[in-house]
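On the provided structure of chain A, position chain B as indicated by the hints.
So the protein sequences, as listed, match chains A and B.
Residue numbering for the first sequence is 21 to 406, as defined by my numbering.
Residue numbering for the second sequence is 53 to 424, as defined by my numbering.
Honestly, the hints are just simulated from the structure, not real lab data.
Do not take every clue at face value.
[Stated by the list, open to error] With a Cα cut of at most 20 Å, we get these calculated SDA-like pairs of lysine to any residue:
| hint | chain 1 | residue 1 | chain 2 | residue 2 |
| --- | --- | --- | --- | --- |
| 1 | A | K221 | B | Q241 |
| 2 | A | K321 | A | A300 |
| 3 | A | K132 | B | P349 |
| 4 | A | K221 | B | L242 |
| 5 | A | K262 | B | L242 |
Every value quoted in this text rests on a predicted model; they were computed, and no experiment measured them.
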Amino acid sequence: MRTMQPCVTIGSYTWAQDRLPNDEFGLRLDELRRAMAKHGWRAVLAYGDVREHAALAYLSNFIPRVRWGMALLPRDGDARLLCAMSTRDLPAMRTLTWIADVRSGMGPEWDKAFDPRFERFADEPAAQFGTLGFDLMAPVLHDAVRRSLGQRFVLQRADDVVAVPPQRKRPRELTLLRASCKLVQDAAQVFAESWRQKSGKPETAALDAERFARSRAAQDVRTLVSLDGGRTLVPYQGRFDKIAGPLVGYVAVKLMGYWADLFVTVDQGEPSPARRRVEAVLDTLIAAMRPGLRAGELHAKAIAALAPWPLHPALSQSVGHGIGLSLHEAPELCAGSDATLVEDGVYTVQLGVADGAAGHVLLSAIVRIRANGAELLARSRGITAP
Amino acid sequence: MTKNARLAEATHYLHDNALDGLIAFSNGLNNFLEANAVYVFSGLRPIGESAVVLDRDGRSTLIVTPPWDAERAAAVSATDDTIGADELADALKNTAHKHRLTGKRMASVGLSLLGQAVAGRIVAALDDPPQPADDLARDLARVRTAEELAAAERANWIAERGYERLLEYARPGLREFELAAELYCFMKQLGAEDNFLLLSASQHNLAVRAAGERILDVGDIILSEITPCYRGQFVQICRTTVIGEPPPAVRKNYAILQDAMAEGLAAAGAGACVAEVTRAINAVFGKSGYADYCRPPYMRVRGHGLGITSDRPGDIVERNERELESGMMFVMHPNQYLPDSGYLMCGESVVVTPSGARALSARPAALDVIAA
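Looking at chain A on its own, in the form it has when it is part of the complex (with noise of 0.2 Å):
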């Protein structure tokens, strides 16, 4: 889901050497080394902005708290991390990533940090460097980089060419996702039990989900909710109204670099008759992923599933995606796509319909994929309140 990005994010950034040691970056390295050797890059360029940096992260671990970074790869030799933040925080930034150097980008420093490094690439005319990320590039920051190479150095985009990071979780990926939906499954209880306890007040049950997470070490957390029952979701708007129900809302946390999210649909009473459909629908579709299935195939089965009740516009016509260093990564579970699910690839499945006399509901599952079926990692739990 889209929601507000926050100016800065606040949470527990650190590099977990135990978690994600020096030979876990290697091995993602080696992948990206083939690559560059397949296509003749002397060096890729990965760069990520403090909203959407899963490529640079995956292969540095350095995730942009403000403003951005970019990572030089080399084929051979070692990596430079230029990050847009002051010399003086670098020592801060040092502690983010496995690369040890680190350097400023911001305003002159360009010029000191990367342009002499380009030159011992420049041993043969028109050197070609990958890039990965640079569509999110600001036109003005891509003009900079394209001064600096001037015509030594010709740019390729990678982005078509190597997946990263790939749809295929490494396991110790699987680890961290694990811990992750283990969070938002919590958040989202909280979310779920504060409305019903205490408040009825949307706005206070996320934030109360939220301050949950982020007191558990979260790197960033998203809410939103429905301020008319279900049908609409909207970002924090600071009313705090009491709302009757249902409870319909949104948490997402980031934990050690990757996400979880989970909807939280809570009927007040019986639970409404949409309720039931998608429930059922959504066990049917994670009963049916598998290896191979097709995203169009997996969506087509939803929306026939839900009939005559189209999907939650919130969903714009999507059933889902990929989750991880992103929390919106590929494929995208929409009509007539091609893509296909994969071994170890962790998907949100997300399910909703908004129905005035059938009633509002959105709900989700986190799915990781394994050879014989799936394997659920967070779903929306069945929370009624009297």
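Same frame as chain A, now just chain B:
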């Protein structure tokens, strides 16, 4: 909502410059150091990439992504129309056509802040690329309206309550991120929709940074840059807090920062230029023998403008010759590294008046102590 006066001013700008239309963009990042042109012209803090289209007849349309956010957007936007879209470029093409701007002379604000893929699609969707007028939003919004100033006062009230919470909650054994989480949520409960909250501790700080894993202990000097946003108005207060009795050098040096703040406030009246204010602050450090420390990395700037409305008057530095105007807002912070105390923080959000700058805080920054 009544029509935003800034839309009317922008319409005058179009007439004065023989332009047919304006497109103001936002990348959805709501950076606290930059003007957000969509916020300035519509009053909406957008979730995703968005744009306001204005024609020379004064008709305006807000386009937001994702499409499901359109209802919230329409409820607050000052524009005539609001639409939701999956793809900003496609919606923009249709909207430009509806406003009869196809092939006409247009200006843009903030296009260069979008990701280049999105920006490229937008340029391709418009027949002629608009000419950049990137300073327009920040210039039109450089003086806060009465409503904005009231929101800023409230934001500062929240910041001060947040700092009081820090004094209550911080203790040895707590991790920095736990303290930051508590303050963030506490201020959100009071109405802060966003918060550029930097908070870190050391026995000898080099700078402030975002909270980390460090466990607080006796002798730690906690630096906090508390920056809540309330109804689009960011404010900032900078505070220094010691766990246990502060060393004499810390007390001595903090008094220098307070003196520098007083000189800065007195100098920052309407008509003064930013460079003069900076020099007034730096002179206090010079008199104390620290002139050589009035440069990076010992400090960065003596303050700065506050987005997302307008980041004017810009950074408070000696090379900024911009003239201050009554009603401008910025944060003044003579934060400083000094060798015998480390980095210390003392800062207030201020509004410019004819006789000097007025700090929004009820209680000026002081060196505070948490009993060990």
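Hint check:
1. Using a Cα cut-off of 20 Å, the hinted pair K221(A) and Q241(B) holds, with the two alpha carbons roughly 12 Å apart.
2. Proposed proximity of K321(A) and A300(A) is supported: the alpha carbons are some 12 Å apart, at most 20 Å.
3. Restraint check: the Cα-Cα separation between K132(A) and P349(B) comes to about 16 Å, which is no more than 20 Å; the hinted pair holds.
4. Distance restraint check for K221(A) and L242(B): the Cα-Cα separation of roughly 15 Å lies within the 20 Å cut-off, and the hinted pair is therefore satisfied.
5. Between K262(A) and L242(B), the direct Cα distance comes to roughly 16 Å. Compliance with the 20 Å bound is thereby established for this hinted pair.
In this structure, every one of the numbered hints holds.
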